[in-house]
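Asker: Residue numbers (the working numbering), protein chains in the order written: chain A, 1 to 730; chain B, 1 to 226.
These are computed hints drawn from the structure, not numbers from a lab. Because the structure is a prediction, the values reported are computed rather than measured. The C-beta atom is built at its ideal place from N, Cα and C for all residues, glycine as well. A portion of the hints provided could be inaccurate.
What the hints assert, rightly or not - Incomplete in silico selection of chain B near chain A, CB under 8 Å:
#1 69
#2 80
#3 85
#4 210
Stated by the list, open to error - Restraint-style ranges between C-beta atoms, simulated for each label pair:
#5 A:692 - B:75: 54 to 64 Å
#6 B:14 - A:663: 24 to 34 Å
#7 B:61 - A:213: 56 to 66 Å
#8 B:13 - A:301: 55 to 65 Å
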Amino acid sequence: MWKDYSKSYIKNNRAASISIMASALIATLFLSLLCSLFFNFGVYEVERIKLEEGDWQGRITGNLNENDLSVICQFANVEKAVINEDLSDEETVIDVYFQNVRTIYQDMPQIITKLELEESAAEYHSLLLSRYFINDPQDETPPLLLPFYAAVFIVVSISLILIIRNSFEISMNARIHQFGIFSSIGATPKQICICLLQEAAILCFFPILFGSVLGIGISYAVIEAVNFFAADVAERHPAVFQYHPVVFLVTFLSASLMVLFSAWIPARKLSKITPLEAIHNLGDFQLKRRKHSRVLSWIFGIEGELAGNALKARKKQLRISTISLLLSFLGFTIMLCFFTLSQISTRYTYFERYQNAWDIMVTVKNTKLTAFDRTNEVKKLSGVQNSTLYQKAEEISQMTADWQSEELMALGGIETIAGDDIVKEGEYYRINSPIIIMDDESFLEYCSQIGASPSLEGTIVLNRIWDNLNSNFRNKQYIPFVKEDRETVSLYTTEQTLIDVPILAYTQETPVLREEYDNYTLVQFMPLSMWENLSKQMNGEETNMYIRILAQDRSNLTELSRIETEVSQVLEQNYNMESENRIQEKRSNDEMIQGSQIILGAFCGLLAVIGIANVFSNTLGFLRQRKREFAQYLSIGFTPANMRKMFFIEAFVIAGRPILITLPLTAAVVMLMISASYLDPMVFWREAPVLPIFIFALVIVGFVSLAYYIGGKQILECDLNEVLKNDTVI
Amino acid sequence: MEILKCNGVQKVFGKGESQVTALNGIDLSVEKGEFVAIVGASGSGKSTLLHILGSVDKPTSGSVIVDGMDIGTLNATDAAIFRRRKIGLIYQFYNLIPTLTVEKNIVMPLLLDKRKPEKKHYEAIVRTLGIQDKLKALPHQLSGGQQQRVAIARAFIYRPAILLADEPTGNLDQRNSKEIIDLLQLFHRNLKQTILLVTHDEKIALEADRIVTIEDGKIIDDQKRR
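One chain only, chain A, in its complex shape (with noise of 0.2 Å):
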């Protein structure tokens, strides 16, 4: 049938045949993006973790020799092991390798026991083995996110083949009259299923090729913008673009098949009607039930109501256009005002708030301040105002109820305002206590900016408590947490012990430093001269110190940047470090903006292209049932300016009702995000994306209209009594 039948049908009704293949390239293009693009995340999560954590599979530790070395590569599965110098100290540290590593939480436990260690023994890269889809069967809540991607993919194949089938559907629910006649002349279903089929294969075969190589060529796009526009993110490694032939042979035969599957299932429903019915079908769309369109009736007359129920009769086949346009305005606008929320709120709670806080923070790497040698060099930076060496400590100090303050009883007390984050223990409660470990001469200075007399031997409190009951985190009100009375604050030893350490003052004034202090926690600044003495009982220091500048030119990047050049050249041979720019961070971070907005902006563009060719291939896939639609109405009276007038209705509520859904629940959940995050409405109002908002919709307008306007003339261009009469016009 294919060489008598459909050569003949594609030669003559190109349009429905071009529907097919531009449904084909783009269901198969964005199977390919995501197909490319789901490969390199793979790939490239994988590296990353590589490299920041090690390519181990399996880690034993204990004490270990060449003999028990030898006995786990006896193994059969295990391909190598090596001994991790840098981790062996007193015990020894193996990393183990394995040839199939989708056995390692059945092989490690054997070696363990081999090896006549305890279980504890063993250590998996669980998060490394989770990216290939590995997760300890013992684990209840293995990582997910992989998983979820591919869960994603599934999803977005599932809506592709909608796409193509919604296009084969069309294309055939045109045709049915025509199988009618074959089938009443002798076609069995299963000829008209194989020439639908045949059809679609020969229809799709070079779109899918082409889909499948622009996928790739887009997904190295999107690679290649998303290093751009993270260049400068620290500690992000560029992703390098790689390709697999699988992934293509993955990518052509899943989209082949969602072709055939679409192109599957209205063929079977098609080759499963009657030749009678077939025939009497003439493709024109019928109520199914008796509606009223109200308010189009009301607002545009008689035209209104026709428009509104030729729209209703073709609901199923406008289905993927009103889904697609409004997904795509909805999503579009809603990601807009997300993102300008974001900026206001980064804005309002990290650049400007820290904005005099520091230009250049410098991270150093597992060192701690006790152990660090270059205070004096750092200091002596030229070009620097001020510079502050600190670590952070994690401790915790035993207070009595007695201790809070007045304001913050009148409140109901610790429990009150703390809740759960704080314990309880008989009459004491146990705080966390943050302990920011200054270099001396900064912790002088601050003594000075307090007004305290300055020393170095004790601590400095900071003795307030965010009144939640009264204030919102946007706008925190403190009040003092305890009384300014004791002259001591015991924290717990490494042995929970309890030992007092001299309060120099008591303060609400923090050091100038980009730090949030956490909630309902009795933070303390503490000397280094101090704290080495106290270092010996308490181990809460984090692994990392940092360096905070301020510079004299703070608004100059180059005069910023050649001070970042300078501590880099003072610290990297010694330490692991990282530095950040203020002012370059927030370039980073308004460029990181500007491309995650390019990149959904991107996707919402194309959900709008496949919701605008779905407009077209209704319009133009169509023609012949509008044709003897408008010709009956027509035949009794209507003038083509009654025409014009419905195709203008219909054209208005496609590209219409998204913009209408759109705009009230937008501002819905806009408002519902201003007031969860405590911001102004007007501040938001002021810089509302309003311009790039209208622009999307006018271009969904502008081609709706497009469409109709194509279509329109051809219907009205036809002859009547043709239309009328002929039932071979397709």
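With the hints as your guide, set chain B onto chain A.
Answerer: Just chain B, lined up with the frame of chain A:
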């Protein structure tokens, strides 16, 4: 020789209150080579009967034997093959495939069987029908009368056991109508073709050997004229 036999054929459409009995116990026997006209008012059930005889529809009850085969028991595929090889169908609105040439439309039942037409037979048909110079045209390039001739050629290409014609002149003017009926007569006489013609036009019915009248789904009269 009996080529068609209907026993108590009943056809009911719809359910419950909207149930309509289109055929109510039709018993009919047609001999090979007969030309039978089925007449009746609009809605009498004559087209429904023709569709059941052509196996494009199934009876609700009763049996239809065509050339020794009970067509009511055939599945969709076997019914299609049966239609292809044993039945020639002609409709009022021609039902040609609009994207195929006249030639392809005519030979389509053979092509479905992966067969080629016998040259002599094919040429005889197109010559008899006077469409030999229209073979490369598309249906919409022909007049109504010409399109109906193409439909007749397609119906005859497989030498069917029965030719079923449903108001074949209903869409044609008087001159074309007469030509079509003359052509059917010609095939009936020369090839001994069994023809069942549904019409509401008594003048056309008089051209047949036998006139069967249907009313409310029942045969109320069956007259042999020759």
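Asker: Run every hint past the structure and note whether it holds.
Answerer: Do the hints match the structure? See the list:
no. : hint                     : verdict
1   : 69                       : violated (15 Å)
2   : 80                       : holds (4 Å)
3   : 85                       : holds (7 Å)
4   : 210                      : violated (25 Å)
5   : A:692 - B:75: 54 to 64 Å : holds (60 Å)
6   : B:14 - A:663: 24 to 34 Å : violated (47 Å)
7   : B:61 - A:213: 56 to 66 Å : holds (60 Å)
8   : B:13 - A:301: 55 to 65 Å : violated (38 Å)
Violation of the numbered hints given earlier is confined to hints 1, 4, 6, 8; the remaining hints are satisfied by the structure.
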